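Enquirer: Sequence:
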Amino acid sequence: MANDRIPTHLWIGGHLRRCHAEGVFVTVAHKGDPTGGLVVLKLNMLEHGCRVLSQTRDLDGELAWMPALEGKTVPEADADAYIQRAIKRDPDLWAVEVEDKSGWHPFEGRVLS
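Note that the numbering used here numbers the sequence shown so that position 52 is 52, with each residue one more than the last.
Simulated from the structure, these hints should not be mistaken for laboratory data. Any given hint might turn out to be false.
Claimed, not checked - Below, simulated DSS-like cross-link-like pairs (lysine-lysine); rule was C-alpha separation at most 30 Å, straight line:
(1) Lys101 / Lys31
(2) Lys72 / Lys31
(3) Lys101 / Lys88
(4) Lys88 / Lys72
(5) Lys88 / Lys31
(6) Lys101 / Lys72
The model shown is predicted, which means the values in this text are computed figures rather than measured ones.
Let the sequences and hints guide you as you build the complete structure.
Expert: Below, the structure written as structure tokens:
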């Protein structure tokens with residue numbers, strides 16, 4: 001059976017272009033495996049703190065996001081430390097930061113509770 005998933009670097013690149021077109025600041029903080037690396041999102045809500053979401057799949061195999069750090073909003077330094085620990089465990093991981101006061105991000109998939 002062929003793998004029908006788009007390579008990670010193309011998937012992220014498309015979302016980056018969308019954000020830039022909409023005037024949303026987004027950056028790749030760490031590039032992982034270009035074809036199959038998982039993604040961790042840092043949602044920087046500026047003075048409101050940060051949330052971290054890790055890419056996963058739900059029971060139906062659909063893309064989803066697992067809240068990290070107990071789903072709490074944390075200081076940016078705590079979010080960065082969590083992401084650095086995750087990259088040490090999995091260097092293929094991609095880390096993407098999105099700045100939006102409401103915590104919006106362009107990536108599809110529901111946030112699991």
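Enquirer: Now, for every hint given, state plainly whether the structure supports it.
Expert: A quick look at each hint next to the structure:
1. Distance hint between Lys101 and Lys31 is fulfilled; the C-alpha atoms sit about 24 Å from each other, no more than 30 Å.
2. Of the pairs offered as hints, the one joining Lys72 and Lys31 holds, with about 25 Å between alpha carbons and a cut-off of 30 Å not exceeded.
3. Restraint check: the Cα-Cα separation between Lys101 and Lys88 comes to about 29 Å, which is no more than 30 Å; the hinted pair holds.
4. Proposed proximity of Lys88 and Lys72 is supported: the alpha carbons are some 22 Å apart, at most 30 Å.
5. A distance of roughly 13 Å separates the Cα atoms of Lys88 and Lys31; the hinted pair therefore holds under the 30 Å criterion.
6. For the given pair, Lys101 sits about 15 Å from Lys72 by alpha-carbon distance, which is consistent with the 30 Å threshold.
Comparing the model with each numbered hint stated earlier shows that all of them hold.
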